[in-house]
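Asker: What follows is each chain in one-letter form.
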Amino acid sequence: MTDVAIEQQASRSPQGWRALHVVRRNALVWRKLMITSLIGNLAEPLIYLVGLGYGVGALIGEIDGRPYVTFLAAGMICYSTMNSASFEALYSAFARMQVQRTWEGMLHAPLTSDDIVTGEWLWAGTKALFSGTAILLVMYGFGIVRGFAPLAVLPVALLIGLAFAGIALVVTSFAKSYDFFTYYFVLLVTPMSFLSGIYFPLSQLPEAAQTAAWFLPLAHAASLARGLTLGDPMPWPLLSVAVLLAYGLVGLAIAKRRVRQRLSR
Amino acid sequence: MLAQRVHAAHVYSRPMLDVQNLIKTYSGRSVVDDVSFQVARGECFGLLGPNGAGKTTTLRCCLGLIAPDSGSIRLGDLPVPQAAREARYRVGVVPQYDNLDPDFTVTENLVVYARYFGIPAREARARAPALLEYAGLGDRGDAKIEALSGGMKRRLTLARALVNDPDILFLDEPTTALDPQARHLIWDALRRLAKQGKTLILTTHFMDEAERLCDRLCVMDAGRIIALDTPRRLIDSLIEPVVLEVYGDGVAEWAERVARPLAERVEVSGETAFCYTHAPEALLAAVEQTAGLRVLRRAANLEDVFIKLTGRDIRD
Chain A
0 MTDVAIEQQA SRSPQGWRAL HVVRRNALVW RKLMITSLIG NLAEPLIYLV
50 GLGYGVGALI GEIDGRPYVT FLAAGMICYS TMNSASFEAL YSAFARMQVQ
100 RTWEGMLHAP LTSDDIVTGE WLWAGTKALF SGTAILLVMY GFGIVRGFAP
150 LAVLPVALLI GLAFAGIALV VTSFAKSYDF FTYYFVLLVT PMSFLSGIYF
200 PLSQLPEAAQ TAAWFLPLAH AASLARGLTL GDPMPWPLLS VAVLLAYGLV
250 GLAIAKRRVR QRLSR
Chain B
0 MLAQRVHAAH VYSRPMLDVQ NLIKTYSGRS VVDDVSFQVA RGECFGLLGP
50 NGAGKTTTLR CCLGLIAPDS GSIRLGDLPV PQAAREARYR VGVVPQYDNL
100 DPDFTVTENL VVYARYFGIP AREARARAPA LLEYAGLGDR GDAKIEALSG
150 GMKRRLTLAR ALVNDPDILF LDEPTTALDP QARHLIWDAL RRLAKQGKTL
200 ILTTHFMDEA ERLCDRLCVM DAGRIIALDT PRRLIDSLIE PVVLEVYGDG
250 VAEWAERVAR PLAERVEVSG ETAFCYTHAP EALLAAVEQT AGLRVLRRAA
300 NLEDVFIKLT GRDIRD
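Chains as they are written, first to last, in numbering that gives the first Met the number 0: chain A, 0 to 264; chain B, 0 to 315.
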């Protein structure tokens, strides 16, 4: 292809397509550390399931007529996808924005800050999908799930990832240093994980807290994940998908705007 | 190739970069204050000025990374910032701080960056050896970024800026923090680019760098252009040709009493009197007669022009 042809093709390429340049760059880096990353993806849920599921599970006995480990495993899909997307869109994205100046380099090429933020959002969602897949594999390994039906949770893992990536990118757009992210985790993420039916059923909470939980993305994530892997009844499946999508898209829109302002100072 | 470039130079007689009445303020303070200049195709144009003069802001406006409050910019005949992204297909940038990708090797840095321009990986890998050769990194393709010296990183950044074969290169302080050997390597590389007909726009506060490389210089201070001409004409028109630097005991008092009447201009800075003159003989004789004074005689250079225009105060 000649230079001119490349140029014409590239300058016509729409924003979503250009964001894939950013996804590809991050994927190439990930590929270099793939083994470590995959071991982490598999080891963490294993430790939780064995430690909490069987250890604490022995004390608890059954929840809704199932072993505790089964209940917890479905929650772990949500917890782990949330964490994966959050870390990527907070710490890693901040490193690329501020510390390594990777975004600056991209801006000197024919990419815009909207392309970059969209690319980071898609990539953080992809990382969440990897974690979700790892946990599902562990669940198959432990015999917690069987057959093809639970695979339907994978698109939801991506959706959960995009929801939390959207929120995290907004946080990153305000961050001055890594320390800022501690507030986000301690004040928002950790309390939310106890409010959303990850470790114990929502029904354990007082009525008001249950109502509040349904405004949080993680409660909807847990509802979908348990429904799709364990066949639990889902109160509002479409609403749950809509809530996750809304958090992701609104977060993305705000993050785009904020980063555009931040980088053009 | 050369014939094509010469031909192209005739076809595109319009400037490569045209900046008109550029104004940028940050919370009420003008950082760039009514700046206008044009850079012709194939020209090496220098932006000079003390810290905070507005050089980098001007550069960032030209690249469309920040929107000016008013004024117009055309880069490669495209309006900026409106079509800045499209304009950047023909632009290479060497930023002030290295932003090489530490997660990739030297060659991977070039290939990944080329992808941002829509250049396929296969083609980028084919171009990489020649670019690395050019940057004096021919045998470093597989090296990690952290293993490179400061000078090597700079040269790789320059090679990366050439990955799209740009018409115009923006270089923000390309040799700051480099040792003399490394600076000379960068200068050589930039001269070769100029010879190939690339348009170069660089900021610097090294006067020798500006004098050596640039066809024309624009001196900025406090957001304004205070001089714009060839280095030679700036020196000839703005400053006396001979400088005597006199230092020793009681030089300040001596400068007031003896040097003032003999030189066109005298500046005392610390323990040194800078005497600017067309006819140094009388002054030299006067120095000889005063015990404890030493003198350095030299031709006026761009640094003298710069100091005259922007003053001796420290800018932080």
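Think of the hints as simulated: they come from the structure by calculation, not from any bench. This structure is a prediction, so every number in the text was calculated from the model and none was measured. Quick reminder that beta carbons are idealized off the backbone N, C-alpha and C, glycines included. Be aware that one or more of the hints could be misleading.
[To be verified] Below, simulated DSS-like cross-link-like pairs (lysine-lysine); rule was C-alpha separation at most 27 Å, straight line:
(1) A:Lys-31 x B:Lys-152
(2) B:Lys-194 x B:Lys-152
(3) B:Lys-194 x A:Lys-31
[Stated by the list, open to error] Cβ pair distances, simulated, as ranges:
(4) B:Ala-82 x A:Ile-62: 31 to 41 Å
(5) A:Asp-178 x B:Thr-24: 45 to 55 Å
(6) B:Gln-195 x A:Arg-256: 47 to 57 Å
Asker: All the hints need checking, so say for each whether the structure fits it.
Answerer: Verification of the supplied hints:
1. A:Lys-31 x B:Lys-152: holds (22 Å)
2. B:Lys-194 x B:Lys-152: The given pair, whose Cα atoms are some 23 Å apart, holds under the 27 Å limit.
3. B:Lys-194 x A:Lys-31: Violated, because 40 Å separates the two Cα atoms, which is more than 27 Å.
4. B:Ala-82 x A:Ile-62: 31 to 41 Å: Given about 60 Å between the Cβ atoms, the range is violated.
5. A:Asp-178 x B:Thr-24: 45 to 55 Å: violated (32 Å)
6. B:Gln-195 x A:Arg-256: 47 to 57 Å: Violated - the Cβ-Cβ distance for B:Gln-195 and A:Arg-256, about 41 Å, lies outside 47 to 57 Å.
Violated hints, in rising order: 3, 4, 5 and 6; the structure is consistent with all others.
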